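Protein chains: 2
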Amino acid sequence: MCESYRVAVVGATGAVGNTLLHLLEERAFPIASLKLLASHRSAGEVLSFKDEPIVVEELTHTSFDDVDLVFSSAGASVSREFIPTAVKKGALVIDNTSAFRMDTDTPLVVPEVNMDAARKHKGLIANPNCSTIQMMVALKPIHDAAGIKRIVVSTYQSVSGKSGRAVMELVQQTTEALEGKPITLDRFPHQMAFNVAFDWPFTASGDNEEELKMVNETRKILQDDTIGISATTVRVPVFFAHSESINVETHEKLTPTEARKCLADAPGVQLVDDPDNLKYPLAVDVAGEDDVYVGRIREDVSIENGLNLWVVADNLRKGAALNAIQIAENLLL
Amino acid sequence: MCESYRVAVVGATGAVGNTLLHLLEERAFPIASLKLLASHRSAGEVLSFKDEPIVVEELTHTSFDDVDLVFSSAGASVSREFIPTAVKKGALVIDNTSAFRMDTDTPLVVPEVNMDAARKHKGLIANPNCSTIQMMVALKPIHDAAGIKRIVVSTYQSVSGKSGRAVMELVQQTTEALEGKPITLDRFPHQMAFNVAFDWPFTASGDNEEELKMVNETRKILQDDTIGISATTVRVPVFFAHSESINVETHEKLTPTEARKCLADAPGVQLVDDPDNLKYPLAVDVAGEDDVYVGRIREDVSIENGLNLWVVADNLRKGAALNAIQIAENLLL
Numbered sequence: 001m002c003e004s005y006r007v008a009v010v011g012a013t014g015a016v017g018n019t020l021l022h023l024l025e026e027r028a029f030p031i032a033s034l035k036l037l038a039s040h041r042s043a044g045e046v047l048s049f050k051d052e053p054i055v056v057e058e059l060t061h062t063s064f065d066d067v068d069l070v071f072s073s074a075g076a077s078v079s080r081e082f083i084p085t086a087v088k089k090g091a092l093v094i095d096n097t098s099a100f101r102m103d104t105d106t107p108l109v110v111p112e113v114n115m116d117a118a119r120k121h122k123g124l125i126a127n128p129n130c131s132t133i134q135m136m137v138a139l140k141p142i143h144d145a146a147g148i149k150r151i152v153v154s155t156y157q158s159v160s161g162k163s164g165r166a167v168m169e170l171v172q173q174t175t176e177a178l179e180g181k182p183i184t185l186d187r188f189p190h191q192m193a194f195n196v197a198f199d200w201p202f203t204a205s206g207d208n209e210e211e212l213k214m215v216n217e218t219r220k221i222l223q224d225d226t227i228g229i230s231a232t233t234v235r236v237p238v239f240f241a242h243s244e245s246i247n248v249e250t251h252e253k254l255t256p257t258e259a260r261k262c263l264a265d266a267p268g269v270q271l272v273d274d275p276d277n278l279k280y281p282l283a284v285d286v287a288g289e290d291d292v293y294v295g296r297i298r299e300d301v302s303i304e305n306g307l308n309l310w311v312v313a314d315n316l317r318k319g320a321a322l323n324a325i326q327i328a329e330n331l332l333l
Numbered sequence: 001m002c003e004s005y006r007v008a009v010v011g012a013t014g015a016v017g018n019t020l021l022h023l024l025e026e027r028a029f030p031i032a033s034l035k036l037l038a039s040h041r042s043a044g045e046v047l048s049f050k051d052e053p054i055v056v057e058e059l060t061h062t063s064f065d066d067v068d069l070v071f072s073s074a075g076a077s078v079s080r081e082f083i084p085t086a087v088k089k090g091a092l093v094i095d096n097t098s099a100f101r102m103d104t105d106t107p108l109v110v111p112e113v114n115m116d117a118a119r120k121h122k123g124l125i126a127n128p129n130c131s132t133i134q135m136m137v138a139l140k141p142i143h144d145a146a147g148i149k150r151i152v153v154s155t156y157q158s159v160s161g162k163s164g165r166a167v168m169e170l171v172q173q174t175t176e177a178l179e180g181k182p183i184t185l186d187r188f189p190h191q192m193a194f195n196v197a198f199d200w201p202f203t204a205s206g207d208n209e210e211e212l213k214m215v216n217e218t219r220k221i222l223q224d225d226t227i228g229i230s231a232t233t234v235r236v237p238v239f240f241a242h243s244e245s246i247n248v249e250t251h252e253k254l255t256p257t258e259a260r261k262c263l264a265d266a267p268g269v270q271l272v273d274d275p276d277n278l279k280y281p282l283a284v285d286v287a288g289e290d291d292v293y294v295g296r297i298r299e300d301v302s303i304e305n306g307l308n309l310w311v312v313a314d315n316l317r318k319g320a321a322l323n324a325i326q327i328a329e330n331l332l333l
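Chains A and B supply the protein sequences, listed in that same order. Using the working numbering, the first residue of the first sequence is number 1, and each one after it goes up by one. Using the working numbering, the first residue of the second sequence is number 1, and each one after it goes up by one.
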């Protein structure tokens with residue numbers, strides 16, 4: 001029915017790259033050839049795809065000579081260096097780093113929200129930040145129904161959003177804490193075991209980069225610079241899935257019942273909102289799932305048109321690899 | 001200099017009772033006699049105070065016959081049953097449960113905020129909820145300076161706020177999770193190891209009881225029913241100290257610099273706000289400390305007069321036992 005693509009994965013050995021390979025296989029993405037690329041340090045590693053071993057190659061400027069589609073998630077500096085070459089050579093690139101997200105010419109895309117922007121691409125589409133993606137999937141139906149005026153969001157982000165090594169560091173720190181040993185800090189700036197902490201570089205405003213991503217990317221994706229957004233992003237000792245406490249002020253009144261109705265039918269959303277029976281999205285339940293889970297929808301009576309929502313998604317799947325693949329599926333298949 | 005008091009501790013074997021005994025000793029509270037009270041189940045246990053063993057007695061209506069000062073933290077139903085007797089017999093009661101907090105005749109007191117209310121007591125003073133106390137200590141100086149219009153707060157609350165057994169359950173669950181074993185649920189409704197969850201009974205509005213406490217107690221303590229408050233309370237896998245992400249809208253403009261100045265001189269507040277050097281309050285650092293730690297003070301540019309704050313305090317100390325003792329110290333010593 002549809003053709004197959006020569007695919008390259010940049011950053012194949014990382015946590016997102018790993019999830020991407022799983023998902024390409026799981027979703028039977030039509031692949032003619034698969035090239036796994038990574039830094040010199042990881043080149044030579046052998047990964048498995050559809051039970052076949054694939055040797056990881058070192059990423060160079062000639063890596064994209066025979067490639068149709070590139071998924072890139074090896075960090076912003078790697079993308080800045082190599083992705084323009086891939087685009088120039090005619091590949092469609094879906095870049096999961098922050099390198100090009102705010103460039104005017106680069107669409108920033110969540111398929112459920114703004115596929116129209118993706119269709120105007122010039123060879124490069126940016127995948128938004130994990131914490132932004134899940135918020136967008138949950139808030140787009142509310143924005144469409146009532147117009148979002150202001151968002152106040154506090155996050156509870158899992159350590160896998162940092163890296164696969166960060167996952168192992170939380171395991172190590174937790175063991176050390178339980179045994180009363182000194183806590184080893186390698187990737188994390190602070191103890192993460194049995195703690196909540198900040199884990200992103202700070203900017204001049206006092207916001208950290210993750211917080212500014214949520215602000216700027218949201219406005220770009222919703223194409224509305226008038227939306228006020230205040231974000232506080234926090235790392236919690238959870239392995240997989242980010243949770244978000246979102247307070248929304250809308251222009252028009254939207255009751256919790258109406259909001260639930262919007263969200264029940266919304267693409268990519270699973271509504272789990274039955275607190276009387278202790279049903280709401282929880283990180284350990286949502287880890288490994290594809291959709292964005294929304295619950296605890298409550299009226300915020302402190303303002304005229306206020307709503308609270310609790311939004312949870314697997315940060316490696318919908319927050320990264322899955323969203324990137326969905327963009328490609330929507331454009332190509 | 002000052003007289004000594006015949007003190008009774010109701011709920012002496014619980015997590016707050018335990019901290020209370022430590023603090024009474026640490027602060028050299030003038031005690032003429034000390035009676036430790038608990039349920040029939042815990043009666044007979046032997047606790048230590050100033051290196052002396054004290055046998056826990058069963059709480060009955062005659063327990064308060066020879067007592068001047070009662071600290072009560074054995075749960076709301078126990079307080080409802082026994083505290084009126086203590087008051088009737090002439091003791092001053094500082095009750096750490098929710099039983100009487102919203103009663104018109106009962107002052108709800110954070111010493112740094114409203115000691116004037118405490119002085120009007122009729123034998124009974126209520127200690128606010130842990131999550132409210134630390135928010136009040138941090139926000140009172142801002143309220144005085146600029147008038148608080150609205151608060152949006154999301155919490156990151158430690159398991160010790162539930163009980164001492166909950167602390168042990170998190171240890172057990174964490175060990176089980178690391179070993180890949182099924183997770184034991186005893187006190188918690190959900191897995192808490194490597195998860196964030198909701199852990200309080202839900203009300204008809206969809207808010208949980210903890211969230212409504214933050215709303216109602218804040219208004220009572222600040223004596224201002226016009227303040228809009230939206231709270232989302234969340235349990236995180238942290239042993240000690242609650243963290244809070246607080247977004248405040250004020251009537252008058254208060255810059256972060258001005259807010260820092262207010263808070264630097266505020267009673268009971270430690271300002272730790274130097275993100276460039278990764279200095280901000282963290283639960284693992286604040287556990288065991290007496291003050292309320294405030295940092296990450298940022299302007300929220302999404303509204304005209306907006307501020308974000310990160311507020312952390314030891315929930316067993318300032319959030320419970322210490323606040324209760326400070327009320328007594330301020331009134332009696």
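Treat the hints as calculated values from the structure; they're not laboratory data. Just so you know, not all the hints are guaranteed correct.
Same chains, same label: a pair holds when it works inside one copy or across any pair of copies.
The calculated lysine-lysine pairs, modelled on BS3-like cross-linking and capped at a C-alpha distance of 27 Å, are [claimed, not checked]: (1) 162 to 181; (2) 122 to 35; (3) 162 to 122; (4) 35 to 88; (5) 162 to 35; (6) 253 to 35; (7) 181 to 279; (8) 35 to 50; (9) 122 to 50; (10) 149 to 253; (11) 122 to 89; (12) 35 to 89; (13) 279 to 253; (14) 122 to 88; (15) 253 to 181; (16) 88 to 120; (17) 89 to 261; (18) 149 to 89; (19) 261 to 149; (20) 279 to 122.
Here the structure is a predicted model, which is why all the values come from computation and not from measurement.
Checked hints:
1. 162 to 181: Classified as both: same-chain Cα gap 24 Å, cross-chain 26 Å, threshold 27 Å.
2. 122 to 35: Answer is within: at 22 Å inside a copy they meet the 27 Å cutoff, but 77 Å across does not.
3. 162 to 122: Intra 29 Å, inter 55 Å, cutoff 27 Å: neither.
4. 35 to 88: within (18 Å within a copy, 81 Å between copies)
5. 162 to 35: Answer is within: at 24 Å inside a copy they meet the 27 Å cutoff, but 51 Å across does not.
6. 253 to 35: neither (50 Å within a copy, 56 Å between copies)
7. 181 to 279: between (37 Å within a copy, 23 Å between copies)
8. 35 to 50: within (14 Å within a copy, 70 Å between copies)
9. 122 to 50: This pair counts as neither: shortest intra-copy Cα distance 31 Å, inter-copy 75 Å.
10. 149 to 253: both (11 Å within a copy, 21 Å between copies)
11. 122 to 89: So residue 122 and residue 89 pass the 27 Å test inside one copy only (12 Å; across, 82 Å).
12. 35 to 89: within (16 Å within a copy, 82 Å between copies)
13. 279 to 253: within (26 Å within a copy, 41 Å between copies)
14. 122 to 88: within (10 Å within a copy, 80 Å between copies)
15. 253 to 181: This pair counts as neither: shortest intra-copy Cα distance 53 Å, inter-copy 47 Å.
16. 88 to 120: within (17 Å within a copy, 77 Å between copies)
17. 89 to 261: neither (46 Å within a copy, 56 Å between copies)
18. 149 to 89: Classified as neither: same-chain Cα gap 42 Å, cross-chain 56 Å, threshold 27 Å.
19. 261 to 149: Intra 20 Å, inter 31 Å, cutoff 27 Å: intra-copy only.
20. 279 to 122: neither (43 Å within a copy, 43 Å between copies)
Comparing the model with each numbered hint stated earlier shows that hints 3, 6, 9, 15, 17, 18, 20 do not hold.
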